[in-house]
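Taken in sequence, the protein lines are chains W and H.
The first sequence begins at 1 in my numbering and counts up one residue at a time.
The second sequence begins at 1001 in my numbering and counts up one residue at a time.
Think of the hints as simulated: they come from the structure by calculation, not from any bench.
Take the hints with a grain of salt, since some may be wrong.
To be verified - Mimicking DSSO-like on lysine-lysine, the simulated pairs with C-alpha atoms at most 30 Å apart in a straight line are:
#, chain 1, residue 1, chain 2, residue 2
1, H, Lys-1036, W, Lys-213
2, H, Lys-1150, H, Lys-1177
3, W, Lys-213, H, Lys-1119
4, H, Lys-1177, H, Lys-1036
5, W, Lys-213, H, Lys-1156
6, H, Lys-1036, W, Lys-206
7, W, Lys-183, H, Lys-1119
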Amino acid sequence: MTNIDRTVDLDRRGRDWYIDKAVSWLVFVGGASAIVLILGIFAFVTKEGLGFILGPMNFVEFFTNPAWRPTSRPPTYGILALMAGTASVTGLAMLISVPFSLGAAIYIGEFATGKVRETLKVLVELLAAIPSVVWGFIGLSIMNPLIIRVFNVPLGLGILNSGIILGLMAAPIMTTIAEDALKAVPDSYREAAEAMGASRWQVILKVVLPAAKHGLMAAVLLGVGRGFGETMAVLMSSGHSINLPTSPFDSVRALTATIAAELGEAPGGSDHFRALFTIGILLFLVTFAINLTADIVVRGKGKR
Amino acid sequence: MADATTAAKDLAIDVRGVSLWYGTFQALYEVNLEVKRGSITALIGPSGCGKSTLLRSVNRINERLGSYVRTTGSIHVLQHDVLAEDVEPARLRKEVGMVFQRPNPLPLSVRDNVLFAHKLHRTGQRYTRAQEDGIVEEALSTVLLWDEVKDDLDRKATTLSLEAQQKLCIARLLPVKPSVILMDEPTSALDPAATEALEELIWELRGDYTILIVTHNMAQARRASEETAFMLLGRMVEHGPTEELFLRPHDQQTADYIEGRYG
Ligand SMILES: Nc1ncnc2c1ncn2[C@@H]1O[C@H](COP(=O)(O)OP(=O)(O)OP(=O)(O)O)[C@@H](O)[C@H]1O
Ligand SMILES: [Mg+2]
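All chains should be modelled from the sequences, with the hints used to inform the complete structure.
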């Protein structure tokens, strides 16, 4: 039999074909289910929250009344103090973590080499992997007595404690993203500046940071989002008392912590229960806005 | 001896016995090169023979690679030993400007690009906006770019045409009045028309600046230089007046190269 007489079968669906199909189907289901889940969660939160928004909610009171007394008779649902709590803690956290993270990113990205650099990157990633309840525990059992002793105040749980803890928690993600932004700056820019006689610092200040500014802004925004959405660590380190703060030692209560602490006790379907979901919608919208802004900022890099 | 010192005075760059290693790989072997003040010298040779390496040793930009690069021998720029420990690279690079193969303007405005080196090196003195404008106009006029960009000084320099970018990269060196300009294949990213424009410009700069230019283009070396040096495999093979080197090369390897018998 010669080669010419041989029959060929081009349409054969072998084992590889089936494996290929199965894997791509699995991947599709995985991806689709993530989207379905997110939409489902959003729909659920919105449904519960809408019951409050369209029902007993008084918009002006909700945003301007500092009193959150869902179990009083009659109840008041004001989240001004909770927003102030979240804002003050997140604000302080950013004051601490932005310089810290940018400094770390500049050191890791522009100065450190070889082993030092690798070690630092691993350390930063380890820091990011610490569970938030552990951070809360640190706030409660280490920072609290420390603040009481150093500043001679009666209670160490409050804005200062929470701000520091949140700052440390937000730092790793900000450092990682900021370092990526610095790494994305072409080396030819650095070389050009150095060839004109710029020192390492001049290169960083006048060339690298301006060139990376969109990425750095995104890093800060994502850090803000991280701080804003954090729950457990804030719950444990902020003192969790409703307050319009006037000093960094004041105890405050955050929006997220309120949901976490009260949802279990609020009877399903009650106004209280639904009001908590309304706070959830607010958190969702703000986080979404922050992430979207970060995304637009990064994309903006392509233009101009 | 007296003769040697007067001769040294006329030299902008004096490379003596320079060997260079990238790690364990030796890229330069005992290279000598004398470049006269105010002249244009072309550095030619096949790919990988060490032209860029030699050029990058003169302004010590090779040091960016850290201790991985090791250099021996001496390089004098205007009679200063630039490899000496106490030489400040920033000062050296003010005196010795560099133009790269790919135009590399900074991602800043045209104006800020021209003023970049100037702002790095002006010490203490205050400059008014008008004085700075004057500096910008003079530098851009010298490179024949002023008319093209004068209404567009705030435009981001990386959006200019490649030809304009490369001219800008020359213009930004001029405000600090370097004595030497090193050019590493400055036209290889440009089209023929732009190449011709750049060559003309380089020719115009002769006399005011000492120029050491690396090129792969024989015609360019012949057109645009007074002296030519030929390198091969990390060694300096021959160096002389351009016409003579091309018409009557002393070394057989030089003859082979200019007749196109190497890559
Ligand atoms: N950073 C480096 N590390 C190791 N080897 C290098 C490095 N840079 C250059 N070399 C080697 O040194 C030799 C000389 O390189 P160089 O870039 O100076 O050549 P060149 O003459 O400029 O070549 P071309 O015409 O292609 O630009 C080459 O063999 C190259 O592979
Ligand atoms: Mg080269």
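A quick look at each hint next to the structure:
no. : hint                     : verdict
1   : H:Lys-1036 to W:Lys-213  : violated, 44 Å
2   : H:Lys-1150 to H:Lys-1177 : holds, 22 Å
3   : W:Lys-213 to H:Lys-1119  : holds, 21 Å
4   : H:Lys-1177 to H:Lys-1036 : holds, 18 Å
5   : W:Lys-213 to H:Lys-1156  : holds, 15 Å
6   : H:Lys-1036 to W:Lys-206  : violated, 35 Å
7   : W:Lys-183 to H:Lys-1119  : holds, 26 Å
In this structure, the hints that do not hold are numbers 1 and 6, in rising order.
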